[in-house]
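There are 2 protein chains.
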Amino acid sequence: MKKLEKITTQEENFAKWYTDVIKNGDLMAYGSSKGSIIFKPLSFGIWDNIRLILDKKFKEIGVQNVNLPLLIPENLLNKEKNHISGFNPELATVTEVGGKKLSEKFYIRPTSEVLFGDFFKNEIESYNDLPLIYNQWVNVLRWEKTTNPFLRTREFLWQEGHTVHADANEAEALTKKMLDVYTDFVEQYLAIPVVKGQKTEHEKFAGAEYTFTIEAMMKDGKALQSGTSHYLGQNFTKAFDITFKNKENKLENAYGTSWGVSTRLLGALIMTHGDDRGIIIPPRIASTKVDIIELFASKDERVSKVSKEIFQSLINLGIDAKIDKSDKSAGFKAANSEIHGTPLRIEIGPRDLNNNKVIIVRRDTLEKIYVDLNEVSQTILKLLEDIQSNLLKEARKRLNHNIKIANNYEEFKKLIENGNWVITKFAGSAEDEIKIKEETGASTRCIPFNTNIDIKNKNCFYTNKETERIVIFAKAY
Amino acid sequence: MKKLEKITTQEENFAKWYTDVIKNGDLMAYGSSKGSIIFKPLSFGIWDNIRLILDKKFKEIGVQNVNLPLLIPENLLNKEKNHISGFNPELATVTEVGGKKLSEKFYIRPTSEVLFGDFFKNEIESYNDLPLIYNQWVNVLRWEKTTNPFLRTREFLWQEGHTVHADANEAEALTKKMLDVYTDFVEQYLAIPVVKGQKTEHEKFAGAEYTFTIEAMMKDGKALQSGTSHYLGQNFTKAFDITFKNKENKLENAYGTSWGVSTRLLGALIMTHGDDRGIIIPPRIASTKVDIIELFASKDERVSKVSKEIFQSLINLGIDAKIDKSDKSAGFKAANSEIHGTPLRIEIGPRDLNNNKVIIVRRDTLEKIYVDLNEVSQTILKLLEDIQSNLLKEARKRLNHNIKIANNYEEFKKLIENGNWVITKFAGSAEDEIKIKEETGASTRCIPFNTNIDIKNKNCFYTNKETERIVIFAKAY
Numbered sequence: 001m002k003k004l005e006k007i008t009t010q011e012e013n014f015a016k017w018y019t020d021v022i023k024n025g026d027l028m029a030y031g032s033s034k035g036s037i038i039f040k041p042l043s044f045g046i047w048d049n050i051r052l053i054l055d056k057k058f059k060e061i062g063v064q065n066v067n068l069p070l071l072i073p074e075n076l077l078n079k080e081k082n083h084i085s086g087f088n089p090e091l092a093t094v095t096e097v098g099g100k101k102l103s104e105k106f107y108i109r110p111t112s113e114v115l116f117g118d119f120f121k122n123e124i125e126s127y128n129d130l131p132l133i134y135n136q137w138v139n140v141l142r143w144e145k146t147t148n149p150f151l152r153t154r155e156f157l158w159q160e161g162h163t164v165h166a167d168a169n170e171a172e173a174l175t176k177k178m179l180d181v182y183t184d185f186v187e188q189y190l191a192i193p194v195v196k197g198q199k200t201e202h203e204k205f206a207g208a209e210y211t212f213t214i215e216a217m218m219k220d221g222k223a224l225q226s227g228t229s230h231y232l233g234q235n236f237t238k239a240f241d242i243t244f245k246n247k248e249n250k251l252e253n254a255y256g257t258s259w260g261v262s263t264r265l266l267g268a269l270i271m272t273h274g275d276d277r278g279i280i281i282p283p284r285i286a287s288t289k290v291d292i293i294e295l296f297a298s299k300d301e302r303v304s305k306v307s308k309e310i311f312q313s314l315i316n317l318g319i320d321a322k323i324d325k326s327d328k329s330a331g332f333k334a335a336n337s338e339i340h341g342t343p344l345r346i347e348i349g350p351r352d353l354n355n356n357k358v359i360i361v362r363r364d365t366l367e368k369i370y371v372d373l374n375e376v377s378q379t380i381l382k383l384l385e386d387i388q389s390n391l392l393k394e395a396r397k398r399l400n401h402n403i404k405i406a407n408n409y410e411e412f413k414k415l416i417e418n419g420n421w422v423i424t425k426f427a428g429s430a431e432d433e434i435k436i437k438e439e440t441g442a443s444t445r446c447i448p449f450n451t452n453i454d455i456k457n458k459n460c461f462y463t464n465k466e467t468e469r470i471v472i473f474a475k476a477y
Numbered sequence: 001m002k003k004l005e006k007i008t009t010q011e012e013n014f015a016k017w018y019t020d021v022i023k024n025g026d027l028m029a030y031g032s033s034k035g036s037i038i039f040k041p042l043s044f045g046i047w048d049n050i051r052l053i054l055d056k057k058f059k060e061i062g063v064q065n066v067n068l069p070l071l072i073p074e075n076l077l078n079k080e081k082n083h084i085s086g087f088n089p090e091l092a093t094v095t096e097v098g099g100k101k102l103s104e105k106f107y108i109r110p111t112s113e114v115l116f117g118d119f120f121k122n123e124i125e126s127y128n129d130l131p132l133i134y135n136q137w138v139n140v141l142r143w144e145k146t147t148n149p150f151l152r153t154r155e156f157l158w159q160e161g162h163t164v165h166a167d168a169n170e171a172e173a174l175t176k177k178m179l180d181v182y183t184d185f186v187e188q189y190l191a192i193p194v195v196k197g198q199k200t201e202h203e204k205f206a207g208a209e210y211t212f213t214i215e216a217m218m219k220d221g222k223a224l225q226s227g228t229s230h231y232l233g234q235n236f237t238k239a240f241d242i243t244f245k246n247k248e249n250k251l252e253n254a255y256g257t258s259w260g261v262s263t264r265l266l267g268a269l270i271m272t273h274g275d276d277r278g279i280i281i282p283p284r285i286a287s288t289k290v291d292i293i294e295l296f297a298s299k300d301e302r303v304s305k306v307s308k309e310i311f312q313s314l315i316n317l318g319i320d321a322k323i324d325k326s327d328k329s330a331g332f333k334a335a336n337s338e339i340h341g342t343p344l345r346i347e348i349g350p351r352d353l354n355n356n357k358v359i360i361v362r363r364d365t366l367e368k369i370y371v372d373l374n375e376v377s378q379t380i381l382k383l384l385e386d387i388q389s390n391l392l393k394e395a396r397k398r399l400n401h402n403i404k405i406a407n408n409y410e411e412f413k414k415l416i417e418n419g420n421w422v423i424t425k426f427a428g429s430a431e432d433e434i435k436i437k438e439e440t441g442a443s444t445r446c447i448p449f450n451t452n453i454d455i456k457n458k459n460c461f462y463t464n465k466e467t468e469r470i471v472i473f474a475k476a477y
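First to last, the sequence lines map onto chains A and B.
The first sequence begins at 1 in the working numbering and counts up one residue at a time.
The second sequence begins at 1 in the working numbering and counts up one residue at a time.
Note that these hints are calculated values from the structure, not bench results.
You may find that some hints are simply not true.
Chain copies aren't distinguished; within one or between two, either way the pair holds.
What the hints assert, rightly or not - Taking lysine to aspartate or glutamate and the EDC-like style, the derived pairs with C-alpha atoms no more than 20 Å apart in a straight line are:
id, residue 1, residue 2
1, K245, D327
2, K245, E104
3, K101, E74
4, K245, E74
5, K105, E90
6, K59, D324
7, K328, E123
Starting from the given sequences, assemble the full structure and let the hints guide the process.
So, in C-alpha cells, the structure goes:
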C-alpha cells in the first residue's frame, strides 16, 4: 500500500501540483514508452462515464457508431494536401513486420478523415443514401515532442464523428449542433464552463473550411481547447471523389463535417476543480459518489451496522458508495477520499451515533454537516446536486473574472503575463499570430460567438487597423 | 441505395455464403489496407452490446477497467522468451516518425501481457496490494497472412483481462471463473453452445502454464475458438520482476492470469445462426429487435396509425423497434429485415386490420403468426424469448450430433472429411499434432472438461499407446 505523499500547492507550482495530484490520486501511471500513460481505474472510470453519457446524446440525434482501422496506407494520406502537411511530422510509421521491410508504409491514424473518406466513397450513390452520421470511439497517435499526462500524450483516446451530407447548410448546421452537444455535456456533467467560438484561419484544423471550438479556463488561467467541430465543406469529398446523384440526377460532391472530444477532458476536469488536497470529481461523472468511513468500529458494533445500512440505502437510490474497509486510520481514509476526489464522505462514529447523527463532509467546500440518521439519504441527494452546481458556478465566476480587455500590445502583454485571457479587437495575419505567440506565449483561442463584454476600441490592438473582429488570446495547454 | 444481391446458399459454398451475407447484411466493408475491415453500425452495435453486458458481469466480480498504451518498446517484448517467439512474425513495427528513423523500434501490441507486466511491477509492494484484477477494451494487431472478416483480421477489437495474485490457487480459480463467465455469456446472450476444455501443450498460449478455451461449432462443422483464459503462473512475474512481500514478510513473485474474447464472436454468431436469407441476431444481443413494415399505408390511414401505436408500445416496454419508412416495396422491406437478422418483423396491412390483426414473422423459423392487435406486445415479448432459446437449442442439437468417436486414424480421417468433430483418446506429441494437421487439416481443439460420450477404446487412435486423455479434434477457423 502506497503512502500518501505531500502535494505541492497550486500557488507554489501549478504544474508540479498537477503531477502530484494525478499520481497520488491514482489517476495514471507512466507507460513503458515515452509520452505514454496508463489510465488507472479511477481515470478510466471517468472516461467510461463520459463515453456512456455522450454516446447516448449522440444516438438521440441519429449518430451511429462504427469502427475503422488503425492504419492508414501511405498513398491514402497524401490525397488531401493541407491535411497531410498538418500532420506529417507527428506520424508514427509502420515500415516492417516481423523484421521484414514492407513494400508500403502505414501510418498510425492521427485522426481518420482520410479513412472515412475512402469508406464513404463506396457507401453513397444518391441523395437517398445521405446523410451518413458516423462516430467512433478509438485511440489515435500523434508523436508530440512535449507531453503532459491527459493533456498532451502521444496516444490518446477520443471519439471522432465523421459525416457526409447532400446539402452544405445541413452539414454546417450539424457542425454547430455538435458544438452545442459538447458545450451542454461539458458544462452540465463536467461542470466546466466554456467559451464557444470559431478558430482563426491560422488555428483551424488542417483541411477544414472552418473550426468551431469550446475553450475552458484552467485554475492557472491557461486555456484548454476542450472540443472541436469542423466544417470540411467539399475538401475531403473532392479529394476522395465522394459523389452522389442529387435530386436533379446530377453528380455532386458531398459536404462533410468532423468533430471530437478526447481524454484531454480529464485534464480539464482536474485543473478546473482540483485543490491542494487533490482532485474533485463532479458528482454526475463520478463512479463512486460517497465514501463511507467508520470510526472505532471495533469498539462499537453500532458503527458497522449503521455503515452497512447507509451503504445499502444509497445503493438502492442508485448512488454508488464505498465503505473503506482497509486497516488504515480514519485520518488516512479521509485524506484518501479527498485526494481521489469523491464528492462526499460520511464519517460514522460512536459519539455522533449517541445523538443519532453522522457527519457528512463535502469535497468541494470541505464543510462538515451533522445529519440525523433518518435524513442521510435525502441529504446526500441534495448535496450531490449542490456540489455539481457549485463547482460550475465557482468555475464560471473565475472564467468571467479573468477575461480582460486589452487596448494595445503593452496592456496585452501585462494581462497575459498575469495569467489572464485577453479579449480584444484583432485584425492581424497568421504571421502576426505567430509573432505574438513567440513574444508572449499567447495564441488566439477563438473568435467568440457571444460576448457581453463591450470593447470600445475600434482598432486592432496589434496592427491598429480598424476592425470588427473580436478575438480571445490566452496561453494554452 | 444498394440493391439486395443474391446470396449463395450455405450448401453450395459456405465460405461464399459467409461473405455474401456480411456484405449484403451491411455488417462490414473492407478497409483501406489489406486484411482490415470496417465495422458498420449493425456489427459495431452488436459489439457495443457485447461490451456493455460483459463489462457489467466483469464488474460484478471485481474487475476494474484500465487502458494501457498501444506501443510496446522493443526491449520490453524480449523479456519473456516463449511469448516473443510466439508472436514475433506477426508484429507490426513502428521504425520512423515523420520520415525520420527512431533510435528504438516500437511494436503495435499483439496482446498486452508485457505492458501489464511492466505496469504491475510498480503497483505492488505487499500482499495487501493484491489481487489486481484489471481489464481493457482495446484494439490489437497481428499481421496475419490469410484473413477473413471478423474471424481473422490483422487488427481486431477485444477485451483483455490481466490479473496478479498473491496466491497460485486464487489465480487458478480466477482462470476457471473467467471461462465460466464467457461460457454463460456466449450461451445465454449469443445463443452459441460451447465445449469447455483445456488446450494441449502444443496449442496453448505462448507464455502460459495452461490455457482454457471455449470452442463453438459453426454450421459448416468447423470449430471456432471463442474465448480463452490463461493461467500464467509466475512466467511473466519472474520475467518482469513482479514481487510482493508475503505474510511472512518474504519477497515472492506474484501469480498471473490473462483472458479475452474478441470480435471473432461476431463471426461465430453469424456462422452459428445464419441461414440462406441472411444473418440471425439473437434477441438478447440485437439492438433492433423488431422491424415494422406498413402495407398500403398510402391507401389506408389506419396502417400508419396502428404502426405508430405498436412502435410506441414496444418502446415503452424497452423493446427497440424500427418502422421502415423507405419508399421500397413491402417485399423488399421483408427481405431487408431478414438479411439484417432482426429477430421479428411485424407486417401491418388493411386486410388484416379489418380483422383487428397483424402478422408477426419470426426470423429463426420464418413462421407467420396472426395476432390480435391487443395482444401484440405480449406476443412479441414471448416470441423474443422463444427465439432466443430456440436458437440455442438448435445449435446445441447440431453440436451434439456432429461430435463423433474415432477409434483409429482411418475413421478419424473420414469423420474430419465429413465435417465432424472427432472425440478420441490421444497420447500424441506436438509433432504428432502437426503431422495430423498437415494430413487432415484438423487440430486439437481441447481436452474437454466434461463429456458424456463413452469412449471404449483404451488406446490412442494415432500412436496406439494406452492413455486416459480424451481430446477433441476438428478443422477450425
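Q: Just pull the numbers of the violated hints for me, sorted ascending.
A: Going through the list in order, the structure violates hints 2, 4 and respects the others.
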